[in-house]
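As they're listed, the protein sequences go chains D and H.
One gets this note's numbering by counting positions in the first sequence from 1 and adding 102 to each.
One gets this note's numbering by counting positions in the second sequence from 1 and adding 98 to each.
No wet-lab data here; the hints were simulated from the structure.
Check each hint, because a few of them may be wrong.
Here are a few chain D residues that face chain H, going by a calculated C-beta distance under 10 angstroms [what the hints assert, rightly or not]: (1) Ala-126; (2) Gly-127; (3) Lys-128; (4) Thr-132; (5) Val-146; (6) Asn-148; (7) His-154; (8) Phe-160; (9) Asp-163; (10) Leu-224; (11) Thr-228; (12) Arg-233; (13) Gln-512; (14) Glu-513.
Away from chain D, derived, C-beta distances all over 10 angstroms, residues of chain H [stated by the list, open to error]: (15) Thr-153; (16) Arg-174; (17) Asn-212; (18) Lys-228; (19) Arg-235; (20) Gly-244; (21) Glu-274.
All values reported here derive from a predicted model rather than from experimental measurement.
For glycine and all other residues, C-beta sits at the position ideal for the given N, C-alpha and C.
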Amino acid sequence: MGDVKYEPSSHKPADRQYFVLTHAGKPVFTVRKQEEVDTGSDEVTNLIGVMHALISVFEDDQDKIRSIVAPPVRITFTIRPPLYYVCVAPSNEPESVARIYLEHLHLLILSVLTGSQLERILTRHTNFDLRRLLSGTTTMLQTHLLHLPTSFAILTSSLNTLRLDANLRLRAADALVPPPNMKSKLKDILYAMVVVDDRVVTIARPKKHTVHPADIHVLLATIGSPAVKGNTASWLPICLPKFNPNSLLHAYASYLTLPDTAVPSQPASTRQEESTEGGEAPADNEEGATGEVHEPSVCLVIVSASGDFEVVRQWADVATQRLNEADTLKHLIKAGQKSAYSVDELGIPGLRHFFYKSRANVQVTAPAFEGIESLGKEGEMDQIDREEEWDRLLALYRLVWDAIHAKSGQECTLKLQYVRTERVSVMGWITQSFEIYIALSPRLPKSAAVGAANAVVKWMKQEESRLFLKDAPVF
Amino acid sequence: MGRVLLKVIILGDSGVGKTSLMNQYVNKRFSNQYKATIGADFLTKEVMVDDRQVTMQLWDTAGQERFQSLGVAFYRGADCCVLVYDVNSAKSFDTLDSWRDEFLIQANPQNAENFPFVVLGNKIDVEENKRQVTQKRAMAWCQAKGSIPYFETSAKEAINVEQAFQTIAKNALQQETDVELYADYPDPIRIDSPGPSGGCNC
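With the rest of the complex left out, here is chain D (with noise of 0.2 angstroms):
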């Protein structure tokens, strides 16, 4: 490693925490530092009280707190009554950054409990101590948290979405639409999804409803809770808080396995596109130096308004079958096993990283990060110094990011914005069609960033068919 210290270094997930208390100041739900939670539930008693004053002397005054600036840290308040939620988090990160996981927090609270609920509770019994009713929910919360820093698609509000081949996606697509004979049972159906890990493979849905991106990561948070993850069949009741904050739906999630994977005698598949029958994925695109093979999972969600379980279920039942017709399962499999594209790949000079999200479509894309300074001594980086720069590359994203959409109180929006450390280069870039994030070695001229992301780009077009859901099915 270089001997150059960087300065900006604390984005670690694990330094940021989380606080959520009722309107009396009653505590719900926190994320705290180890160091710190070793140091008694007194302390966290105590800042909870103070958060709930500082909270109050302004709510007196019908006025709101938003944050306090205390270098090395900014608190970030935001008050949805009957809850208040605070974030202690990097002072130089953006303030924004903060809000966005603040408020993907409460969604995550309203899923469990819906907006109505929440208010008759608490403003029946303002003394109620609601962790009576999230106690089940704490672990799901705590580890979707630690993601969220990681989070693309969190960040810009989008999908993030399976690479795969454009003919095997309108499959699963396929699978997902109801036979006809089944329509009309079927009317209260939100929408239908396959998902790879915690990417999208394909949303069917009915011509009336439309998609929302935090809908979809509240419902992607819950069925990959360590309770749901995993199971045949899960029937859960959730809120979907902007489909409506107020009601309570279904969600049927069904983590599909390979009906016989010990049988090899399957006929030989004609359609598969590398034939590696019975041997293992491709080792080319594995991400990190674990050198495990990843053991992707595929879930089929479904959504639902009423809660007529049997309808679900053997709906759930067809489209399984449907899944497993033509391999293609054991296709989305192999995919989510090679999802991890390298940057190589584009086989652009000086291109470390990047994230793109196609606006038109809502969905964000991203390679694997494979290191910044890692090119020429292969391996000698080890994870902790690569999840540094991972971690302090996430964070300049972040920073680029807020200032091109001006979150943060800036005077304007940009189009670009190019940054530069000792290290990396990030340049953002945003267009109508599209918002571009990209790494690069920061040896380039500024002059080769723009041509990096316009290679980029192309690269995008070329590959769009294959990085995005489009043409999603409505029925």
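Assemble the complex: chain D is given as a structure, and chain H must be docked to it using the hints.
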């Protein structure tokens, strides 16, 4: 799940010894950090109530004119309200009524009639001939307001303080858990039909 947090508000005229009582009970140095700026401060103490460990958060008001009313946000969701007067000051006793009213208006508890108050007559260590409010009179008032528990205390001599706060904690916990008795949740799962324009364009 963390420990239950009991929110206790301490009210009474300036100089009756609210802060001293809390200090005596909690036995920690008082910070006064927030009191100067926002008119309120709090102390926390871990207590055992009926074999349950709870955290009491005691909110102390400034008691001065300027901060007389703390506002809705502070009182909201209190589990117990402690009214303090000085047994050597008839005036501080007479204002208990308005402190009680003030609390009920601001906190607007769900079940105002049964909301737990505790009254403390403080400074009983002062010589007997200075006393202006008799125990009988105080108890009569408490009785009339719905059998409010009454304690005569001395923050200075640590008389009855522990007992008083134990009762406060107990009654607060009672109030806190009472919620369950007439609880209306978990909600039956409601299947509201979504509106025709559900979702939004993104």
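Hint check, Ala-126/D versus chain H [nearest Cβ-Cβ separation less than 10 angstroms]
2 angstroms, holds
Is the Cβ of Asn-212/H more than 10 angstroms away from each Cβ in chain D?
Holds, because the least Cβ-Cβ distance between Asn-212/H and chain D comes to about 13 angstroms, which exceeds 10 angstroms.
Does Gly-244/H sit more than 10 angstroms from chain D, CB to CB?
Check passes; 19 angstroms lies beyond 10 angstroms.
Report holds or violated for the interface hint on Gln-512/D, using the least CB-CB distance to chain H and a cut-off of 10 angstroms.
24 angstroms, violated
Is the claim that Arg-235/H lies outside the interface with chain D correct, judged by CB distances over 10 angstroms?
32 angstroms, holds
Can we keep the Lys-128/D interface hint, with Cβ of chain H closer than 10 angstroms?
5 angstroms, holds
Would the least Cβ to Cβ distance between Thr-153/H and chain D come out above 10 angstroms?
Violated: least Cβ distance 5 angstroms, not greater than 10 angstroms.
Take a quick look at Lys-228/H and tell me if its Cβ sits farther than 10 angstroms from every Cβ on chain D, holds or violated.
Correct as stated: the minimum Cβ-Cβ distance to chain D is 36 angstroms, above 10 angstroms.
Beyond 10 angstroms on every Cβ pair: is that true for Arg-174/H relative to chain D?
The assertion about Arg-174/H is violated, with a minimum of 5 angstroms to chain D.
May I ask you to test the interface hint for Phe-160/D with respect to chain H, counting a Cβ-Cβ separation under 10 angstroms as satisfied?
8 angstroms, holds
Mind checking the CB of His-154/D against every CB in chain H and telling me if the closest is under 10 angstroms?
8 angstroms, holds
Agreement of hint Leu-224/D with chain H interface, Cβ distance less than 10 angstroms:
8 angstroms, holds
Violated hints, listed in ascending order, are 13, 14, 15, 16, 21; each of the other numbered hints is respected by the structure.
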